[in-house]
Every structure is written in C-alpha cells, then in structure tokens.
Amino acid sequence: MAELFALFVGAALVNNFVLVQFLGLCPYVGTSKRLETAIPMSLATAFVMLLATVLTHILYTLVLIPLDLEYLRIIAFIFAIAAVVQMTELYVRQISPVLHQLLGIYLPLITSNCAILGLVLTVADLSLPQAMVYAVGGAFGFGLVLVVFASLRERLQSAAVPAAFRGAPVALLCAGFMALAFAGFLGMA
Amino acid sequence: MLERQPRNKTDFQPLDWRRSDRDDIMARIAAAGLIGMGGAGFPVVAKLRSGIQYAASTIIANGVECEPGVNADRALLRHYLPDVLEGLRIAGACLAKPALILAVSDQSIYQAFVDKGELGITCRLVADAPSNGEERTLIGSLFSDEIPTTRYPSQCGYIVFNVATLFAICEAVRDGSRPRDRLVTLFGEETWVELDTKLGDIGQTGATLRLGSTATGRMASNDDVVSLTTNAVEHGIDDQQRACIHCGWCDAVCPRHLPVEAMLRQIQSATRPITLSSEVNACFECGACVVQCPSAIPLLDLLRSAKREVENERRKQVADLRFQQHTVRAAETIKQESITRSTRIETRRQW
Amino acid sequence: MVNARKQLPTSRVMLHVIGALIPGTVIHAWLGGWFSLIVLTTSLVAAVVTELACTRSWREITDGSAVVTGLLIALCLPASTPWYVAAIAVLIAIALAKHAFGGLGHNVFNPAMAGYCAVLLAYPALVVEFDTVSGATALDQLAHRGATTIDELHKSTAFGHFGAAKHEWLNVVFLIGGLYLIAMRLIPWLLPTCVLVGMGVVSFVLDDGGSSASHGSPLFNWFAGGTMLAAFFIATDPVTSPSNRNGMVIYALSLGAIAMLIRKYSSWPDGLAFAVLILNCFVPLLEQLPRKPMPST
Amino acid sequence: MFEEVVLVSLTMAGIGITLSGGIAALAKWTESRQPIDSLVERVNGLLPQIQCAKCGFPGCRPYAEAVIAGERIDLCPPGGSDTVQALGHLLNRPVDVPAETMDSDQVAFIDENTCVGCARCIPACPVDAIVGAERYTHTILQEHCTGCELCIPVCPVDCIDLHKRAVHA
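Chains as they are written, first to last, in my numbering: chain A, 1 to 189; chain B, 190 to 540; chain C, 541 to 837; chain D, 838 to 1006.
Note that these hints are calculated values from the structure, not bench results.
Predicted, not measured: the structure shown is a model, and the values here were computed from it.
Ideal Cβ positions, reconstructed from N, Cα and C, are used throughout, including at glycine.
Where hints are given, some of them may not hold.
Simulated coverage check for chain C against chain A, where a stretch passes if three residues somewhere in it have a Cβ under 8 angstroms from a Cβ of chain A [claimed, not checked]:
(1) 635-645
(2) 653-663
(3) 794-808
Distance condition first, Cα-Cα at most 27 angstroms in a straight line; then the derived DSSO-like pairs of lysine-lysine [what the hints assert, rightly or not]:
(4) B/387 with B/198
(5) D/1001 with D/891
(6) B/496 with D/1001
(7) B/286 with B/305
(8) D/1001 with B/387
(9) D/865 with B/505
(10) B/505 with D/891
From the derived model, a few chain B residues whose C-beta atoms are all more than 12 angstroms from chain C [what the hints assert, rightly or not]:
(11) 288
(12) 296
(13) 345
Produce the entire structure from the sequences given, and follow the hints as far as they go.
Printed below as a string of structure tokens:
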C-alpha cells in the first residue's frame, strides 16, 4: 500500500510529466487559455492515459513478449493510443458538441501527446496494478498543473502585462515559475 | 468662513407659519420648488403629502453626515441651528403633532444642542460610521424598525429630511425666499455656493472634478453645475490610482459585507461576464471601500458601470424569453387562422 | 480635510512592513557578520535599480514594494552568498516575477520567493546555508544526518534552547514584528496562525519522540529556518494570497503542511520558499471557493 | 528472417483489426444517439437579443442556429465588433472585419397624438412590447422594448420615434 502511494505521489508531483519531465507541453500550452477547456482536456487525457496503459499493458504482456517482439512496442503502443483517442473523440463529440468545438484540434492531438507515450513506455515493465496507479498519478499530476495553469492564465488576462510579454511569453514565464515551484518536491519519494 | 451673499429682495411674502393654515404652508413649499437636499432630490411636498396620507408620526432631521471629507451639514448645524430647528417645526406643523427628532453624528453639535435645550425636539446621537446617514439605516438605528425596500419611510410613519432641506424650508416659509445657494464642501472648505454655478467658474481647473465627495460622488466636467443636491465638490483621485494589491480592506469595511474585491476582479477581467450580479446590485454606493482603498481605485465608478452592465445582461435574457414566447404565439395564431379559414371554406361548401 | 479619504496608502503600508522587519534585519546582520551586510546592500541597491529600470519612473519606487522584496531576499540568503548571486535573485524577482506580469498587484508569484528559489536551483553550491559561527545550520544537519537521532543532534552546536541555534532568536524577533503588523491590522491574524498550525500539526504527526526518522518537535520547527519570516511577512503578501476567508485558511494550512513535508522528505533543508510558490499557483482557484452568503437586506 | 517479417505483419495487422473493430462499434453506437445542442444556447447568449432581424433571420435565436450550421458570424450590426470577436473566440473561427456598430441602447416611442390605432405594429414587435388594440392608441412598454426598429416601417402614419433609453435609478 505504502509502495503504491509512493508511486502515486512520485508520478503526480515529484516526477510530474509537465513540470519535471517536460512531456506533453503541447496541450499544456494549447488548451490552458481557459478553465472551461483545461478541465475537460485534463479529464480526456486522464481517460486516455488510463485506458492506454491498460490496453498497452495487455498488448505487451500477452502479445509482444510471448512473440518476442518487444522491439515493436513503440509502434504498437502508438497504434493503441491512436485507437483510444479515436474512441474518446467520438464519445466527446457525442456527449458535448460545445466541448468538441472548444477542444478543437487538441483532442485528436492527444494521440501525439508525448506524455502518454512516455507514460506507457515507463510503466510497460511494471505489474498491471502498479502501472495503473502510476497512470492515475501521472494523469492526476497532468490534470492538476493544467487546471492550475489555466486558472493562472485566466487571471493574467486581466493583468496589465507589458506589450512585449503579452500572450505566450508571460504564459511560458508563468509555466517556468511553476516548474520552479515543483522543484521543491525534488528528492521526495 | 461661511460668508453668504446677502439677498436684496424676497420672492414671496414672508409667512407667519404659526398662524397659518397647513395648506398655505404646503403651497408655499411647493411654490419654492424645494427638493430633498441630501442627495436623492425627492420633492419635499410629495414627501409631506405622503406623510399626511399615511399619518406619519415622526419627523427626523437628518444631520448624520458620514460621507468622509464632507462637512456641509455639520457646518450648517453649527452656524444655523435655530433656522434648521425652525424648519423642522414648520414641517411638523404640516402633520398632526408628530415627534420631532434631530439626529446628528457629531459629538460637539449634540453637546451644543443638549446644553441649550429646545422644547419639543429630541436630539439623538448616531455613530459616525459609513452609510449611517442613509435614511433606512438611520431609522433602523434610531427605532430598530426595518423599512422594507419596497416602501418609502413616509409610508411607514417616518419622514426624514436632510438638515439642509429643513433650512431651505425655513427660509422659504419664514423669509419668503426661494433657495438660491447652498452650503457645499468645496475642496474641503465649507462655502455658500450660488446654485447653477458652473464648476469651471469655481476655479481649480485642470484637475479632475467630482460632484459629491471623493468617495461617493460622480465624475464631473467643468460644465456641470452646483445643484440643490450637491453637497460637495472635490478633486478626483484618478491620478493617484495604482493597481489593486488585493489587500481585502474593501471587503472588510463594506457595511453590506459584499465581496468588493471579487467584484472588482470580474469588472476588470476582459473576458468574463459579471457573475456576482446580485452582489453588484446590492451595493448602495456608500463609498466606504473607496475611502479604505490604499491604491486609490475608483471602486464606486466601476461598480456603477457594472450595475449598468448587469442590467443590460438581464434585459437581454428577458428579450430572448419574450421573443421565444412571441414566436410560439405567432405560429399559434397562423395555425389558428388557417384552421378558421378551412372550416369556413368547409361550411361554404356544405351550402 | 481634503485627504480624509486616504486613510493608509500603499506606500505607508510598506513603510510599516519595513519597520517591522528592521529588528530582525539587525539581528540577522549581527549573526551573519560583515558578509551579510554586503548581501543586504547589494539586494537593496539591485532592487531599487531594477525597479527604476523596469518602470522608468520615480513614482513606483515610492510604493516601497521593491525595497520590501529586496529586503526579504537579503533575509533569505545566507551571509556567505556572493554579492552577484544576490543581485541576480533580485533581478529575477523584480524584473521577471513582478514587472513581466504587469507590476505590483498583477504578479502571480511572490517575487521575493521566485527570485530566491531561482538562485537556489541555479547556484545550489553558492546558496547553501552555512552559519559563519557554527558551520552547518540545524535544518542542514537534519537533512544530511544519516541515522543520528534527535537527541544526539541536540548536542551539536547547531541546536539552541528550543529551536535552531541563534535562528531561534531571529524567529522570535520576526514573530514580534509580525504581531506588530497584526496589531496595526495590516495583515490578517488568521493567515500566519494557520501557517503555523499547518506546520505544527504535520511536524507533530511526524515527531515520534526523537528517533532517527523524526524531524523535531513542532516547537523546534516553528523556531528554525525561516518559519516566522515566511508565516508573517511572505505568506501574508496580499497580492499572492487569497482574499476570501475559506481560500485563505486552506492556503495557509497547506502552506505550513507542505513546507514541513518538504523539510522532512525532500532534499532541501527548508521548504517554506517552495511551499509559498506552490501555493501561489493555487490562489486563483482558491479564490473561486464559495464565499459566505450575503446577509439578506 | 522471412518468418520474422510474417510474424510482425500478422501481429500488427491483428492489433490493427481488433482496435479498428472497437472504434467501428463505438461509432455505430454513438450514431444512434441524438446530439445535445447546447452550442446554440451559448451562441445565442452572446448575441445582443435586440431581435432586430438585420442579420436576415427572424431573430437572435434563429441566427444562432444558423451560425452553428455555418452562417457567417459578422452579420449582427447591433452587436458590433465585440460580438463578432466573442463569437470567433467561442467557435474558434477567424474574426473578419468588425461589423458596424449600432447604438442598441434606444427605445421606440409612440407619439400618441398621431397614432391612429391601426394595430399593424403589434404583430411586428418581436418581443410583444407594444400594447393596444385596434382603434385605440398604442403605447410601448419601455422596459421590454429592445429598440430593434422593426415597428417603424410598418406604421402608416409614421408616429414611432426612437429615443435614448431613460436611465432610471
């Protein structure tokens, strides 16, 4: 239990995908302009992360390892991720056209979100429960910083940011200071 | 201090109100065109009539002046107390023996009244805190009686007159003169100012001007004039404005406990609609937050514009609803008409 | 009379804050010796120069926020810090963490802590806290102690009567300065109290009576490192802390708790600066917590 | 070597076929459900609700429905450039030249000396703000009038004017 908790905290905070490993920066910057896109995006990513972890884990242990084809894992995993994203997109379009409109191109782009590939490659050698805990932790960490970053950016919209820093520069600066803050967890767990 | 232009002629015959009919006094007040000088500008005669209709039993002379930086009413009470009290008695003569009360927020004026004493008039001291001079708050603190927002105090038995109004009543009835000037806190100095004086003619141009106190007034230009309801003319503080540092002091002083800072954030945010609309509408513009703000933010101006925005938003929703109802009804009418027509054709065929 | 409206402008508030910091600064300089004076001077000069360069006006200097930022950084940095590191910290704090975001009132992160953490991460070897008198400080010894128990550690010169040696008195002075600000009603009493409670609860739970796994009693942790400075002067920065009551309580409690967890589990000796930055990220969300319902009118 | 190639191909094909079968099944399922259209509500909320029909649609809501279906977003003169920008922001569409702005804070006013009580303006009003009956003088409820000007062309005696909306305290 304690080991799983450490795994969760490690994935969520200490080795946060965005702020420590610098993975998944595209949706991090792209969908964080508003909270109403960031929250569904983090939920969608979390959903894809968990599903992709389970799917790739089954694929890896039941197909690739018995067939001695471990070297195919990157391409096979991308396959699996693409399928999961495809399903998620269909589902989101169905339940909320507004959301689908808001997320725009970033929803299909979860496919190429390196945080997900990074996650499934990291957890490929763990046991299934461990991998799932790691995936939940990583998804939680990703969602947390995405939502927090979106709330900060919403606040910055009413700030008197100098012209040279308006828009992307101040957002990146903000992301940098967030990474600085998360450096506080260095060495934990 | 307090030099007043002498007047060389009277507008009416002076009236000995103690021997006059109630209707004569009311007619004189109406002829003088008196309105409430505390700020709202409610016609005096209308208030008295409503008081008669609802048998008001109390008249309050409101000398509670809690707008920071404004001392016009205090100065009037210091220098013209007998005239104000006579005005109160005149107003009292229009009703059936009401209780006459003078409410003040200044300790020294209260002391001066108590030392002298005045038959039939009670003086009450009210705490000098923001918004205590607002009439419903005042009635609440004097009689712990709550006036619903849907009714006037005069409909609940109370008539509240600003002391400057009573002074004007006294002059109109006793001396027979229309109000020509009023006591104004002019850049921090109490001065008699002729009505309809343009702000530009008072001097001190160049700076931003406000009609009313710095806290509660509104922005004014050189072409605005001093009217009966002007209690102060002040400089604006726009030049001292800094960014909000979110200290929360405005929240702490708000007598209605409104989230002033959160409202400010929504007002200043470029993208979001104002969701704190009921809070914005609940602000009664006492100006306490403006006084407290260390960054000199014109909170009241911003809140006033937010009120307009909230009202527009509400109007939009109503219009949308009414349009939908209209569309449904129009479709219904057309359907009904076509049915009537076809039945008419049917009946004709049967002939 | 005209100025009846301005009860306390920002500049006067900052003057009070500086005044409350002065006794602590004197003790700090006395403990650190001449070197700390160099750090102090560099920080203050750099603060004023950076502020002037960013705003290009004398008016902004008068609000005093730049001086407070410079002073806080000087109080965080150990005396052995090279002067240029102090200057870089101040530069990052004022130019990047404050003016790039739009200046005072618009900044999201506490400028002083952003600058301090940046140099802490960039020059770890130069910003390691070494007391000029007794070598490593108590928190440093705790972070790198191996299997020594608390009782053994307490015999070392780095530990004082109830807190860290010498730092305990620094903390006492900052506590008094903070109480002065509360008495002047310039900071809410709730916020620093909750920071101390958060830290106290976590350290109490982690404290098992002094084995090699424990990290000292709540009392020790309150009076070690920069606890009082952070609780009363840094966490209470109105710009970067929530203004609603619920948000403030959560902010302060988690700040104390996270700082304590970083002290115990991470590789940093003290965690307050990072905890402040982490909680700064959450302020916009915390401010959206439901407020006390409006009393009916 | 050859076996390896066959194995890889078969494995990848197997994975691919399984996954695409899953997607197809999900697509089949979602098609059978009605989409929930809350987007119309959002677009409608951004429109000024004057119901002036200047966009070529009978009112704001029909225009909102048309916008979702692909109509241009810059057809609303009362909304002006603000509305165009808000719509572009919501729908992720490029913002074109800002439309001309109309002063929307106006209300219609019937000159009761001229009004002949023909009742033609009553059905023209999109928000039912005109009260009156045939052969009786009409009047306009200021509270509900949106200043859309639709009643002006239908009046045979030209008795309707536009006034600035009175600000009430």
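Taking the hints in turn, this is what the structure says about them:
1. Figure legend: the region 635-645 of chain C, annotated as covered by chain A; annotation consistent (7 residues with Cβ-Cβ distances under 8 angstroms, at least 3 required).
2. Counting residues of the region 653-663 of chain C whose beta carbon lies closer than 8 angstroms to any beta carbon of chain A gives 4, which meets the minimum of three for the stated coverage.
3. A count of 7 residues in the region 794-808 of chain C with a Cβ less than 8 angstroms from any Cβ of chain A is obtained; the coverage claim is therefore met, three being the minimum.
4. Our distance criterion of 27 angstroms between C-alpha atoms is met by residue 387 of chain B and residue 198 of chain B, whose separation comes to about 24 angstroms.
5. Proposed proximity of residue 1001 of chain D and residue 891 of chain D is supported: the alpha carbons are some 20 angstroms apart, at most 27 angstroms.
6. For the suggested pair residue 496 of chain B and residue 1001 of chain D, the alpha carbons sit about 18 angstroms apart, so the restraint of at most 27 angstroms is met.
7. For a cut-off of 27 angstroms, the pair hint linking residue 286 of chain B to residue 305 of chain B stands: about 23 angstroms separates their Cα positions.
8. With a C-alpha separation of about 26 angstroms, the suggested pair residue 1001 of chain D and residue 387 of chain B falls inside the 27 angstroms cut-off, and the hint holds.
9. For a cut-off of 27 angstroms, the pair hint linking residue 865 of chain D to residue 505 of chain B is broken: about 41 angstroms separates their Cα positions.
10. A C-alpha spacing of about 17 angstroms is found between residue 505 of chain B and residue 891 of chain D, which places the hinted pair at or below 27 angstroms, so the restraint holds.
11. Against the 12 angstroms criterion, residue 288 of chain B stays outside the reach of chain C, whose nearest CB is about 27 angstroms from its own CB.
12. Separation of residue 296 of chain B from chain C is adequate, the least Cβ-Cβ distance of about 17 angstroms exceeding the 12 angstroms criterion.
13. For residue 345 of chain B, the requirement that its beta carbon stay farther than 12 angstroms from each beta carbon of chain C is met, with the minimum near 16 angstroms.
Going down the numbered hints, you'll see the structure goes against just number 9.
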